[in-house]
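*Asks:* In case you want the letters, here they are:
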Amino acid sequence: MSKDFSVHVEHVTRVEGHGNIVLNVKNGKIEKLQWQVVEAPRFFEAMLRGQNYNELRSITSRICGICSIGHSLASLKATEDALDVKISEQSDILRHLAIHAENMQSHILHIGYLVAPDLLGVGSVFPLIGTKHTDSVLKIVKLHRLANEMSDLICGRTIHPIRLVVGGFSVVPTEKQLIHLRKQLVEARALTQDIATIIHSVADKLPDFTRETEYIGLRSDDEYALYDGVICSTDTGDHPDHKNYQSIMKEYLVPHSTAKHAKHARESYMVGALARFNLNSKQLHPDAQEVASMFGLKPINYNPFMNTVAQLVEFVHSIEDSIHWIDMLLDKGIKDEKPVKVKVKAGRGVGIVEVPRGILVHDYTLNSKGYCTKANCIIPTNQNHANIQLDMEKLVPQILDKPPKEIELTLEMLVRAYDPCISCSTHYLDVTFV
Amino acid sequence: MKKIGIIGLGNALRRDDGIGIVLLELIQKRKKEFPKSIEFIDGGTGSMNLLHVLARFDIVLIIDAVDFKGHVGETRLFTLDEIYSRKVQVRLSTHESDFLNVLQLSKELKELPSKLFVFGIQPHDVSHGIGLSEELIAALDDLVKKLTQEISKLPDATIL
Chain A
755 MSKDFSVHVE HVTRVEGHGN IVLNVKNGKI EKLQWQVVEA PRFFEAMLRG
805 QNYNELRSIT SRICGICSIG HSLASLKATE DALDVKISEQ SDILRHLAIH
855 AENMQSHILH IGYLVAPDLL GVGSVFPLIG TKHTDSVLKI VKLHRLANEM
905 SDLICGRTIH PIRLVVGGFS VVPTEKQLIH LRKQLVEARA LTQDIATIIH
955 SVADKLPDFT RETEYIGLRS DDEYALYDGV ICSTDTGDHP DHKNYQSIMK
1005 EYLVPHSTAK HAKHARESYM VGALARFNLN SKQLHPDAQE VASMFGLKPI
1055 NYNPFMNTVA QLVEFVHSIE DSIHWIDMLL DKGIKDEKPV KVKVKAGRGV
1105 GIVEVPRGIL VHDYTLNSKG YCTKANCIIP TNQNHANIQL DMEKLVPQIL
1155 DKPPKEIELT LEMLVRAYDP CISCSTHYLD VTFV
Chain B
8 MKKIGIIGLG NALRRDDGIG IVLLELIQKR KKEFPKSIEF IDGGTGSMNL
58 LHVLARFDIV LIIDAVDFKG HVGETRLFTL DEIYSRKVQV RLSTHESDFL
108 NVLQLSKELK ELPSKLFVFG IQPHDVSHGI GLSEELIAAL DDLVKKLTQE
158 ISKLPDATIL
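Listed in order, the protein sequences are those of chains A and B. Residue numbers in the first sequence follow our numbering, run continuously in steps of one, and reach 1188 at the last position. Residue numbers in the second sequence follow our numbering, run continuously in steps of one, and reach 167 at the last position.
The hints are simulated quantities; they were obtained by calculation from the structure and are not laboratory data. All C-beta atoms, glycine included, are put in the ideal place defined by N, C-alpha and C. Treat the hints loosely; a few may be bogus.
Simulated restraints on C-beta separations [stated by the list, open to error]:
no., chain 1, residue 1, chain 2, residue 2, range
1, A, Arg803, B, Lys117, 45 to 55 Å
2, A, Glu1091, B, Glu32, 21 to 31 Å
3, B, Glu141, A, Lys937, 44 to 54 Å
4, A, Lys937, B, Leu107, 27 to 37 Å
5, A, Leu1084, B, Glu46, 23 to 33 Å
6, A, Gly875, B, Leu107, 15 to 25 Å
7, B, Glu141, A, Lys1097, 31 to 41 Å
8, B, Glu141, A, Tyr1056, 48 to 58 Å
9, B, Glu46, A, Ser974, 34 to 44 Å
Work the whole structure out from these sequences, hints included.
*Replies:* Okay, structure coming up:
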């Protein structure tokens, strides 16, 4: 079919930050197709230089209001790696709980507030209130609130987790608080099943699209890797030398984007919940595996739209794994530990964790007085940009006969599936008097 | 007694955009002067998490940088009606959802505080970087004074 049209989505909605989709079609042929990231580049690596090792966590936690716990943990792991600090078993367990809290918080926000409206055929979550979907919205809010409360309890506060410090925790939750949290998590099981049923009932709206690509994430022999593990690729397997991450995550610049892109064994790779699922699905809790089966999600799944389903699967896993860690803490008895004492020295440290949107790296070099002389951060969303672009290039020819509005929505849904966080450090109040 | 939340918002990595957080930290140092019904919260860049914070309070005062085309360091108090009626369009964060959406959802859930104000401060420099502009640093004492006055005007918030 011969036709001319263009799609220009300026600032795709329901994603974090500003990205554009540009598609020009002439005589039925694609003349231009770009996923453009147009935000001003962030300079937080430069902000870290000259800062004391004790300040690095606090600064990096401000990079992102959603992944502040993940940035904090990557930062602490990098600092502790540089200073040869070994945290206690209790701190290790609490950090596992912290990362689950953030994963739950971010995933339910993405599934419920950002993706569900596409599947239910509305522009945002707000028109759903007052309809037959009111109950679903209330359940989403309840689960999001629980994840927030869990973050507050473990980390001090959700937004800037002050209890997470070099060497452990400044304050630990009490036994009573942990018992209460456990009860809430048990209650959340049924709510989560309800949400899974609702999403499943509209899952046919997720486009059936596949493109083979590489998936990269952490992997561990001991658990479904989030807090710790080795870098692993579906193409090339384990890469245990964590300080050599740049041989895997090769960042480069492209003219149409202010954000860095990345590649490894192929032209692009994907990180995030689907990547983790593809690498580690056998280590998921049986209940989470059951939800994956319900949606027909099996590794290796090459449909990026299934990232949202993988997030739902991870949400179930995070609930169950958190209950497991809380039981372990209660069994051992929670101790009022102080953070491990630090002996300042020069060195380089690399901290790698899985945050909701994928694998995150912080790399610091400290001088003998403990001041940062060099820093590098590899952000999950930057690692996904090239994959989004290549997905679009395969997807558009397959849907070119659809009406432009439908093509536009499908491309927006593709971007949203990746749950990108483009403007981690952007925040500003615009007020217009009318 | 009504529960009062004083919420600082902003991004401390974007210079004057962090004024809400800086003022919150300054006022928090004097929290013993305020009634126990007042809770001080660092809300960072806001986002959907604000929904849950708002649910805990009867009265909320948000402190944030607001570009209302005033002089640098000038302050204005916006009421909920002003924000809600779109007389002013307030966008608290580029993250995920604007403030109006959070307010709308909060209202639908019947959790919206009965009174909500935004204490807006005109910024000068919101480029990437740590630390306020010289102009705002010079205005800090005055800003703390004005903020204290606004807090003391809140119902049940008499300063001891």
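*Asks:* Each hint needs a verdict: does it hold in this structure or not?
*Replies:* Status of each hint after checking the structure:
no., hint, result
1, A:Arg803 to B:Lys117: 45 to 55 Å, "holds (48 Å)"
2, A:Glu1091 to B:Glu32: 21 to 31 Å, "holds (27 Å)"
3, B:Glu141 to A:Lys937: 44 to 54 Å, "holds (52 Å)"
4, A:Lys937 to B:Leu107: 27 to 37 Å, "holds (35 Å)"
5, A:Leu1084 to B:Glu46: 23 to 33 Å, "holds (29 Å)"
6, A:Gly875 to B:Leu107: 15 to 25 Å, "holds (22 Å)"
7, B:Glu141 to A:Lys1097: 31 to 41 Å, "holds (38 Å)"
8, B:Glu141 to A:Tyr1056: 48 to 58 Å, "holds (54 Å)"
9, B:Glu46 to A:Ser974: 34 to 44 Å, "holds (39 Å)"
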